[in-house]
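Chemist: Please take these sequences and the hints and turn them into a complete structure.
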Amino acid sequence: MSVLNQAEIKRRMKRHSYDEKLVVTPLLSEAQLGPGSIDIRLGSTVIVPKKTYVDSQDLTVRSESHRVVNRLYEHSKLQYHTRFVLHPRQLILGVTFEYLAIPTDTFCTIMTRSSWGRLGLVVATAAAVLPGYKGSPTLELTNLGESPLVLYPGLPIAQLVCHDAVSEGSSAASYHGRYAYSTEAELPKFFVKDFDDELGFWGREKK
Amino acid sequence: MVEGVNEGDVLLSKSFLLLHRLQRELQSLDDYSFPTDATGLALGLLQSACNTLREQIDRIRPNPAALLNRVFFLRKLANQVALSSTTRIHWPVTKYFDTIWSEVFGVGADRPIVFYSLTDDHNYHLHKFSLNLIDELQDVLDEARIKELLAGQTIYCLELASAEDFNLPLYANIGHELGHAVVAASRREFIAHLDQHASPFLTATKAGVESLSLDSEAKGRVTRSAAKIFITIAEELFCDRIASQLVGPAYLLSLYEISWGQDLTAMMLRLPATRTGHAKTSDIHAYPSFNFRIALASRWTQADAFFHELAEGCAQFGDQAICSTLEKLRTLQIDHSTDHCPGFALTLEVKAIQDIISSNMDVLKACVEKAVESFELSSTDRWKIPHHKCIVSDVVALIDRLNHNIVPNIVPDNTLLGQPASFHAILNASAVYRLHHLLGRALEDLDVFQEKVDILERLTSKALEVTFIQRIFSVWKEGVDK
Chain D
1 MSVLNQAEIK RRMKRHSYDE KLVVTPLLSE AQLGPGSIDI RLGSTVIVPK KTYVDSQDLT
61 VRSESHRVVN RLYEHSKLQY HTRFVLHPRQ LILGVTFEYL AIPTDTFCTI MTRSSWGRLG
121 LVVATAAAVL PGYKGSPTLE LTNLGESPLV LYPGLPIAQL VCHDAVSEGS SAASYHGRYA
181 YSTEAELPKF FVKDFDDELG FWGREKK
Chain U
1001 MVEGVNEGDV LLSKSFLLLH RLQRELQSLD DYSFPTDATG LALGLLQSAC NTLREQIDRI
1061 RPNPAALLNR VFFLRKLANQ VALSSTTRIH WPVTKYFDTI WSEVFGVGAD RPIVFYSLTD
1121 DHNYHLHKFS LNLIDELQDV LDEARIKELL AGQTIYCLEL ASAEDFNLPL YANIGHELGH
1181 AVVAASRREF IAHLDQHASP FLTATKAGVE SLSLDSEAKG RVTRSAAKIF ITIAEELFCD
1241 RIASQLVGPA YLLSLYEISW GQDLTAMMLR LPATRTGHAK TSDIHAYPSF NFRIALASRW
1301 TQADAFFHEL AEGCAQFGDQ AICSTLEKLR TLQIDHSTDH CPGFALTLEV KAIQDIISSN
1361 MDVLKACVEK AVESFELSST DRWKIPHHKC IVSDVVALID RLNHNIVPNI VPDNTLLGQP
1421 ASFHAILNAS AVYRLHHLLG RALEDLDVFQ EKVDILERLT SKALEVTFIQ RIFSVWKEGV
1481 DK
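Read top to bottom, the protein sequences are chains D and U. Just so we're aligned: the first sequence equals residues 1 to 207 in our numbering. Just so we're aligned: the second sequence equals residues 1001 to 1482 in our numbering.
Where hints are given, some of them may not hold.
If you anchor each label on the Cβ, the simulated ranges turn out as follows [what the hints assert, rightly or not]:
(1) E1451/U x H16/D: 24 to 34 Å
(2) P35/D x D1037/U: 38 to 48 Å
(3) D1120/U x S170/D: 50 to 60 Å
As a list, the in silico SDA-like pairs of lysine to any residue whose alpha-carbon atoms are at most 25 Å apart [said to hold, decoys possible]:
(4) K77/D x T1087/U
(5) K1095/U x Y152/D
(6) K77/D x W1476/U
In short, the hints are calculated from the structure, not lab data. Fair warning: this is a prediction, and the values are worked out from it, not measured in the lab. Every residue, glycine too, gets a C-beta built ideally from N, C-alpha and C.
Modeler: Here you go:
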């Protein structure tokens, strides 16, 4: 699976049909296109985990997975040009400013831009954007540094690296998962697909 | 009250406690989540009023019962400010309308401003927040302090329907409410335009009133009431006209959607009466029928041509379902010839007003329509109300994106970045696509339908947000590049 260079990224972005086109929108400047990646920005919604009286999150219990969400997380709409602080070792869920549509012949990964990475910022731990995905991916922002980091919505903190997903002439199957068409930071969604019932099996406590 | 206790002192103490609690709550409101800056100004005015009231309670010793009621009223206003939050109100849309508001009224300490809040009614309302506050304080504060508080500023509160704060095409109704502010700022000219065109209606009314078996004073009240109905109907239609001009067919579609579940042929008259059975002319209000409003908005937005051209454009990407929806929307030019005035009249005099309006409905509509169009011409010029022409090809391009579940923010132009879509085009594309889902629902599962509408709402919200930022960024970038 080779990494796409700038020329190939442009070629895929200029395809006519939306079924085949690589969409990263809006690009505020052509300078966002690097030699082998596209710079992407921080969007305006965040989910901040709270330290609360809830003892833990056991997501193998269906009822608990829905019930504890409001106790554990706070959703916020950030204003542009207004700062927010990511403290050392804190995890915040953010979202990309851009909306992506990945064609079935392309696979992408989200990585921290190197300058931000040197400050200790990690933007994504689950970094894969699968072929056929459409939406604004949720970012898992963490500060691994020793001092608080000031962030603003709109800052280009991440990059999208695109890979060719065609193997022996055939494209990958298209993504239709639980996170399709999201536009804001989203919490994990358990128990929305049949195979999630398996969680209950593994989490079943022995009497 | 308990024997030996001074009731006035008790009420004063309770008012003081409630006022103190209210002040603390106002202090805790976070300006971080205000959709526009005007909410902060409304909050500031309310806080000043509370502070002044608290400082002056001992000195002025207002009527205790009046004071307690005023504190309850201040709490209502505080709730309106507290509901002014980006948690529920979509800030890119309100900021967009704020720009129009500033273009129309200008910017300055003596210019009216508006902040956005929510109402439980399934409707949109505009009211003078600052005036309501001052009116309520008349009998508990001295006039000089009240004038000092207000400092010449008019602050409006525009309440959005809270049940549908996520339905962004419905925000087109903000354009209608802006119309009310224009009328309030030029009431004299408005009435003058109505005078020029009201003669046929007034003549017909006069003839009808003369034949009534009422005394001359009652006849006078019926005539004045009919004139008041004419004015209020004209104002509502003028606001529709302004919204049509500002937002285009998206306003027509929002009006159509908000009319669902209502009596479409009813011209609603609010005709209160005094205890003696006389009509309370000053409190009369009237609303034109939805069918009449939709018919006029359809004409004013040139909806037939718009939907026809849109259908031709959408046919190019081969979606027959959307073309079929657009053909249905062309039939929105509704016949309003069966309009009527429903309701139970409490008194003979009120019944007489209702009968006069019912029997002169056609002439009333014809006169009002002419008056509104005439006033619109002069007010557009005077207030520089923008006229946004809807570019059909842009809306087609955005509908094509929505059809592929892609955010409708860019009109492709063979460049890498494309052209940022206008607010107007996004709202119209989203409004059309929403109606496409709603009208076609019968064909599919409710869960599938709900998921489709959810996706549309998310994509519209994202498009309006990112294009708003893109516009600001482009202006900044051009400045830097120079």
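Chemist: What are the numbers of the hints the structure violates, in ascending order?
Modeler: none
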